[in-house]
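A.B. asks: Can you make the complete structure from the sequences, with help from the hints?
Just so you know, the protein sequences line up as chains A and B, in that order.
Counting from 1, position 31 in the first sequence corresponds to residue 138 in my numbering; the numbering is continuous, with no gaps.
Counting from 1, position 111 in the second sequence corresponds to residue 115 in my numbering; the numbering is continuous, with no gaps.
None of these hints come from the bench; they were simulated from the model.
Quick reminder that beta carbons are idealized off the backbone N, C-alpha and C, glycines included.
Do not take every clue at face value.
[As the list claims (entries may be wrong)] So, partial list: chain B residues that the calculated Cβ filter (under 8 Å) puts toward chain A:
hint	residue
1	27
2	77
3	101
4	133
5	274
6	275
7	347
Residues per chain, in single letters:
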Amino acid sequence: MPDRKSGPEIFEIDSIQLPEFGKFDLPGGSEVHYLQTAYSPVVRMEIIIDAGRLKEDFPLQSRATAALLKDGSKNFSREQISEIADRTGGSISITAGLEFASILIHCLESQIDKILEIVGDILLYPSYSQKHLRKYIQRRKNRLKEDLSINEVLAYRKLTEELFGPNHPYGYNSTANKYDRISLSTLKEFHQMHYRSGNMKVFLSCQHPLEIGEKLNQLWSNIPAGYTLDNTFETPAIAGGKTEVKAANYAQASIRVGKKLFPRNHPDFAGMYFLNTVLGGFFGSRLTAEVREKQGLTYNVFSTIETFKMGGFFLAGCETKILNVDRVVDLLFLEFEKMRMGLVPDPELQLVKNYLFGFFTSMLDGPVNTMELYKLLITEGGNLESFDSMIEDFRKMDGNALVNLANKYLKTDEMRLVIVR
Amino acid sequence: MVEYIRHQLSNGLVVLVHRDPLTPMVVTNVVYNAGSKFDPPHMTGMAHLLEHLMFGGSKNAPNFDTPQQLAGGENNAYTNADITNYFQVLPGKNLEVALWLESDRMSFLNLDQKTFDIQKAVVLEEYNETCLNEPYGDVWHYIHHLAYKNYPYKWPTIGLTPEHIAGIGLDEVKRFYKSRYRPENAVLSIAGNVDEDKALKAVEKWFGDLKSEGESSVNLGTEPKQMEIRRKEILSMVPHPAVYMAFHIPDKVNQRFPTIDLLSDLLGLGRSCRLNEILVEEKEIFSAVDAYVNGANDMGLFIIEGKLNEGFSSKQGEQAIWEVLEEVKKEKVMPSEIEKLQNTFATAHAFSCTSSLHKAMNLAHYENLGDANLFNTEIEEYMRVHEEDLKREAKTIFRPNNASIVTYEPAKLKRVNHKFHPL
Numbered sequence: 108m109p110d111r112k113s114g115p116e117i118f119e120i121d122s123i124q125l126p127e128f129g130k131f132d133l134p135g136g137s138e139v140h141y142l143q144t145a146y147s148p149v150v151r152m153e154i155i156i157d158a159g160r161l162k163e164d165f166p167l168q169s170r171a172t173a174a175l176l177k178d179g180s181k182n183f184s185r186e187q188i189s190e191i192a193d194r195t196g197g198s199i200s201i202t203a204g205l206e207f208a209s210i211l212i213h214c215l216e217s218q219i220d221k222i223l224e225i226v227g228d229i230l231l232y233p234s235y236s237q238k239h240l241r242k243y244i245q246r247r248k249n250r251l252k253e254d255l256s257i258n259e260v261l262a263y264r265k266l267t268e269e270l271f272g273p274n275h276p277y278g279y280n281s282t283a284n285k286y287d288r289i290s291l292s293t294l295k296e297f298h299q300m301h302y303r304s305g306n307m308k309v310f311l312s313c314q315h316p317l318e319i320g321e322k323l324n325q326l327w328s329n330i331p332a333g334y335t336l337d338n339t340f341e342t343p344a345i346a347g348g349k350t351e352v353k354a355a356n357y358a359q360a361s362i363r364v365g366k367k368l369f370p371r372n373h374p375d376f377a378g379m380y381f382l383n384t385v386l387g388g389f390f391g392s393r394l395t396a397e398v399r400e401k402q403g404l405t406y407n408v409f410s411t412i413e414t415f416k417m418g419g420f421f422l423a424g425c426e427t428k429i430l431n432v433d434r435v436v437d438l439l440f441l442e443f444e445k446m447r448m449g450l451v452p453d454p455e456l457q458l459v460k461n462y463l464f465g466f467f468t469s470m471l472d473g474p475v476n477t478m479e480l481y482k483l484l485i486t487e488g489g490n491l492e493s494f495d496s497m498i499e500d501f502r503k504m505d506g507n508a509l510v511n512l513a514n515k516y517l518k519t520d521e522m523r524l525v526i527v528r
Numbered sequence: 005m006v007e008y009i010r011h012q013l014s015n016g017l018v019v020l021v022h023r024d025p026l027t028p029m030v031v032t033n034v035v036y037n038a039g040s041k042f043d044p045p046h047m048t049g050m051a052h053l054l055e056h057l058m059f060g061g062s063k064n065a066p067n068f069d070t071p072q073q074l075a076g077g078e079n080n081a082y083t084n085a086d087i088t089n090y091f092q093v094l095p096g097k098n099l100e101v102a103l104w105l106e107s108d109r110m111s112f113l114n115l116d117q118k119t120f121d122i123q124k125a126v127v128l129e130e131y132n133e134t135c136l137n138e139p140y141g142d143v144w145h146y147i148h149h150l151a152y153k154n155y156p157y158k159w160p161t162i163g164l165t166p167e168h169i170a171g172i173g174l175d176e177v178k179r180f181y182k183s184r185y186r187p188e189n190a191v192l193s194i195a196g197n198v199d200e201d202k203a204l205k206a207v208e209k210w211f212g213d214l215k216s217e218g219e220s221s222v223n224l225g226t227e228p229k230q231m232e233i234r235r236k237e238i239l240s241m242v243p244h245p246a247v248y249m250a251f252h253i254p255d256k257v258n259q260r261f262p263t264i265d266l267l268s269d270l271l272g273l274g275r276s277c278r279l280n281e282i283l284v285e286e287k288e289i290f291s292a293v294d295a296y297v298n299g300a301n302d303m304g305l306f307i308i309e310g311k312l313n314e315g316f317s318s319k320q321g322e323q324a325i326w327e328v329l330e331e332v333k334k335e336k337v338m339p340s341e342i343e344k345l346q347n348t349f350a351t352a353h354a355f356s357c358t359s360s361l362h363k364a365m366n367l368a369h370y371e372n373l374g375d376a377n378l379f380n381t382e383i384e385e386y387m388r389v390h391e392e393d394l395k396r397e398a399k400t401i402f403r404p405n406n407a408s409i410v411t412y413e414p415a416k417l418k419r420v421n422h423k424f425h426p427l
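C.D. replies: Right, here's the structure in full:
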């Protein structure tokens, strides 16, 4: 009979070993980071292009430039691109976030030549036609209309706009007008200017990375060399305060509260990551325990920190019944205050440490996940050493350090609160 | 090929172990035949509410999450019409922590009034968030209600109405737990960095003494054959007109299933699929379209859905979809299209073998359907699908008297707080 009462011994994680990654350069300054996998027929390759909002001259320019890549190129029509890519059984997904555009490829290694033929052509010679721009604008405006009927979208948009300002790359929101003002010539200019080898990094996991590397080498010999610098932006100072927004729907109100933080390379990053985990970053966090598990006021309450090249922010949020809004806001602020006023007890510290070590170890489950972790590290300006040092910082984290951070970053009178109801 | 060993404990629990030395983690996945089709018809949402209660602690592990998180683990669960599924991901050396927690809540769950009341409130907020707070969030209520007249797929997993959830009693939940959460009604899979023999020994240690209650067969009834087209037209605060079409299809282990699954890919998967190419790109009637099978174990649904572009009504959208379906019935499916569908399936299968979590989940689910090895062998069935098979299934499935159609049109009213009305 097992000893059910005390349960099995729990073994601590003494180290997190990232596997060995390789690296080689492509013509013009692109780096390829790779992870060689054993016995797997699959390829995951992502091309990260440093051509996001920080490089824009006009709103939505980076997003539209990336999105239209798949709508036709010199040697392939839109139909052919879709057909050939789909016929390989793989996928080419193109997205553009705040800071980077990304071309993410999933396929079998046996199909990589066909995929690269398409990717090379759309990367080098996209056709940018008026017809496809019109269709893109229509699609995006439809999607926007749908998004604007969701309270939590309204809350997030308002908060980030207030934190960074309506013209800042991290703060501006898409609108139907902004979509209507996108012009073909600005997309062509953006592509020509920023889709350059020195702005690109490749993350590859597969069984034969060096063979694929040779193919990339050929492709890259045609990509214009060089890199471009980010624009600089002012971020206005913003005082704490509250904004009410009219709801699109009355089933639930949406609450978002936030404060501007620092860029990702800031020395307080690891500490705030840890603090946020304690506060609202996982299911065992204080916010979930209090607002959901103890009081049953919501299905979802969370906090997070978002960090970018040029700034960042802390965000907490919850959806709840309209009549519970004030109660939930009080609880959120109370939990911020508790972080400032009292030491996190040792057992809770230990639990969060173990959880985080397990969380980062679980990101090493399989080559696809592992490469995703490594990509985050590199694109955020880090390396294997910075990962090790972050883990070490977590290991050393103590209650006093967390109180100091909370007093620096979690003052309730400095928080912006947005309520959509 | 995912290799595994299979073992059945004397209490009926089926155990599958797959060793993957390349990952530092281990995953445990427990699937119970305890989906919402077993809900009492007047207290729908019970199976899902019980899923929440499964995290409320058990006799010997009064707090489920704390030991799990101390062991560096993550866990989650979901419920659908057929099953409730629980998984834990944690470092390989802490496998026994997961087995202790899973075994204890399999037989000794704490079901106290306080946790019950709180989780009921949480689930009611989940209902608000997922069904009422998002445009089209109530569509599954309408589709299930239209498509099923008798079979207990006729309510959505979260529950038919908030009143149903609010009306669930603790005693009824205890009865549900006792009847469905038993070793012989579950499959446990383990995938990751573990030694097979040691893992089996540990399973025997923690689960071996759990009592079997004997088979608990439930007669769920049958669904009468649909004889007429069914419709629900909804006027509500949605941003665009939309069309949802649901067609009955056979159960998941039926030999027709691979063909039907590929038929849904022909219509809805990838940018070059039929619906997108014709209705979004060429005719510009829709801004987005999709087609998929809902994956129900028994008698599932083939769903086609789309949001209309400005200037088009849901009626025009529906008509345009029927035209595409008629083409599939009549015209030739090109060999290149078949090649595309089969390559896509093979690629997705290969990717699903790259993480322990996917492998553990798939092995447990296929075992629950009858044979874990189907995960390895079903690809052969997909590779055998022929052009004529797709046409034949299109003719069988895409008939008006097999269709349940839900349409949305935006209401002109302002500030309507809409609520699902079953009829």
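A.B. asks: Give a verdict on every hint.
C.D. replies: Each hint, compared with the structure:
Checking residue 27 of chain B against chain A by beta carbon gives a least distance of about 5 Å; that is within 8 Å, so the hint holds. A distance limit of 8 Å between C-beta atoms decides the matter here; for residue 77 of chain B the minimum to chain A is near 6 Å, and the interface restraint holds. The interface hint given for residue 101 of chain B is met, as the beta carbon of that residue sits about 6 Å from the closest beta carbon of chain A, less than 8 Å. Interface restraint check for residue 133 of chain B: the shortest CB-CB distance to chain A comes to about 5 Å, inside 8 Å, so the restraint holds.
Because the smallest distance between the Cβ of residue 274 of chain B and any Cβ of chain A comes to about 4 Å, under 8 Å, the interface hint for this residue holds. Taking 8 Å as the C-beta contact cut-off toward chain A, the hint placing residue 275 of chain B at the interface holds, the least distance being around 4 Å. With its C-beta approaching chain A no nearer than about 3 Å, residue 347 of chain B sits inside the 8 Å limit, and its interface hint holds.
Checked against the numbered hints above, the structure breaks none of them.
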